[in-house]
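Given the sequences, and given the hints that come with them, work out the whole structure.
Chains as they are written, first to last, in the working numbering: chain A, 45 to 288; chain B, 8 to 328.
Please keep in mind that the hints were generated in silico from the structure rather than gathered at the bench.
Worth double-checking, as some hints may not be accurate.
Claimed, not checked - Computed spacing ranges between beta-carbons, pair by pair:
#1 Leu-303/B to Met-248/A: 52 to 58 Å
#2 Gln-107/A to Thr-250/B: 45 to 51 Å
#3 Leu-303/B to Tyr-285/A: 53 to 59 Å
What the hints assert, rightly or not - Chain B side only, calculated, beta carbon under 7 Å to chain A, not exhaustive:
#4 Ala-22
#5 Leu-25
#6 Arg-190
#7 Ala-204
#8 Cys-207
#9 Gly-209
#10 Pro-309
Everything numeric in this text was worked out from a predicted model, so none of it was measured.
Where is the CB? At the ideal position from N, CA and C, for every residue including glycine.
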Amino acid sequence: MTTAAPDAPLLQVGTLTKTFGGFTALDNISVNIKKGERFGLIGPNGSGKTTLINCISGALKPQAGSVVFCGEDITQLPPHLRARRGIARSFQIPRPFKSMTVLENLMVGLDFAAAGSTAAEEEIAMSILTRMGLASKAGAPSDALSQVELRKMELARAMAVRPKLLISDEAMAGLSSSEVDEVLDLLISLGEEDITIIMIEHIMQAVMRFSERVMCLDAGKIIALGEPAEVMANKRVQEAYLGT
Amino acid sequence: MNKRSHSIAFWAGIAVFLVAVLSMTQIVRNEYPFFAGYVILQFIALAVAWTILGGYAGYVNFGTNAFFGVGVYTAVALFKATGAPLVVQIAAAAVVGMLLGFGVGLLTLRMRGIFFSIATIALAIIIETFVMNWRFVGGAAGIQLQRPPVMAPFDSYVKMLFFVQAVLVVIAVGIARYIQNSRMGRGLQALRDDELAAECTGVPTLKLKLVACMISGALMSAVGAPAAMYLQYADPSSAFNLTYSVSALAMSLIGGTAHWIGPVLGAILLGSTQQFLAVTISSEVNVLVLGIMLVLFVVGAPKGIIGLLRPRYRLRAGGKQ
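Below, the structure written as structure tokens:
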């Protein structure tokens, strides 16, 4: 196993390029994410946010560039091996294991990504669910959940992988403002436990409150990267969001 | 409920089944029940084997006949070349079926849904064509086989084959049950629900599908191996008959694919109906009945017999609710 120097970045994305036919979704993206950082990823629709995290989680393979996690080059690894190394994600449109209960959904991650005995696994799964406020739904079939419960379950399932890096892809889309606060509080409390989090989000108050650094993508390029207030004040960011 | 007491009940049931089958071969004199029962047992084993890939993983395999036929002809070729005993024929068929499952899986399991199914149909046609042109095993005309003398404690070869097929059923059910309760079963269920989400949750989807395809294939070929001795004859168009694929699939779907008991119930129901109809009306009618029952179940009970018996069976694991 490779252990990185203590001050080395947890995730290094180097000159990443991803094209779909003639369309360049990611154009030469380089960014380092520090251990324990809360990182916001913003950009208008179609700017490449989800493509970037698909390349980080392994759902897509880039044409060029590299992804280095904990000092190890994982560019060619399939998603399940990245999950075992500690990269977990939620999906923009929730993708629960529909034929399973909420608890069983979590057991998948505990079974395959984080080794341990079954008895202990159920305890861990229950403690994650309690944390997420889903304990009362543990035995419920996952296709009977409400939207906010589904979002929380996706995060809980990602947590069951015991991640070092958690990527949340618009976990708050379509939620009411009180629900947004609820999910945001959860993410912030996870960040306090040494889990590095990348959050993709359109809801600006959430991004501002959550992030230590924000990166804005537009048409596959980084147009701003820095502290939240700084990025929001950036002219190009405002243009990308509001149009010229 | 307690896992351990479940296991004890299961293996006790298996022991009772095997003892019952064995004593039946010793007591009943008429050969016909064994002749008919063999076919039902054969379909139970085939349906259970099919469910490991088709049900647990959701990859619909139309190539049951390819694996079955490969089992038949592995046994025939081995018997003709070396006169190997039945057990060796079955073991060899299982190995060949497993290798075939590995090869087919590697080539086709990256394809999703309907593409995998189409590829498995093509597989059966390719292998059947190959066997048709293989002189050593009789080619398209088929081959007659002389049964070796029967072994004690059986007094007829058909009775012995009936017992052998019962053992194969036990092996298939034991393996299916083990997979269902294991980590692998959970992984297959996850990838059936959502393959990308499963991958991102740490499930090695391609590896699990491959293993499921190899186990399923090995069992199907093993089940096919005694068929040549049963009929004392083998020919490509009956060994590779599409009916095996359709039946295995229909029996699993009618029984329900989420639990190993599903294909067992489906095969008992359909298999015995077919045997009954073949005797009372005609052997052609049973294909019609198969079709009608499949339509009725798909419309009325999409989760099969087990879905009807326990509509809320999936809530068992959660506790509350």
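Right, here's what the structure says about each hint:
no., hint, result
1, Leu-303/B to Met-248/A: 52 to 58 Å, "holds (55 Å)"
2, Gln-107/A to Thr-250/B: 45 to 51 Å, "holds (48 Å)"
3, Leu-303/B to Tyr-285/A: 53 to 59 Å, "holds (56 Å)"
4, Ala-22, "violated (27 Å)"
5, Leu-25, "violated (30 Å)"
6, Arg-190, "holds (5 Å)"
7, Ala-204, "holds (4 Å)"
8, Cys-207, "holds (5 Å)"
9, Gly-209, "holds (3 Å)"
10, Pro-309, "violated (13 Å)"
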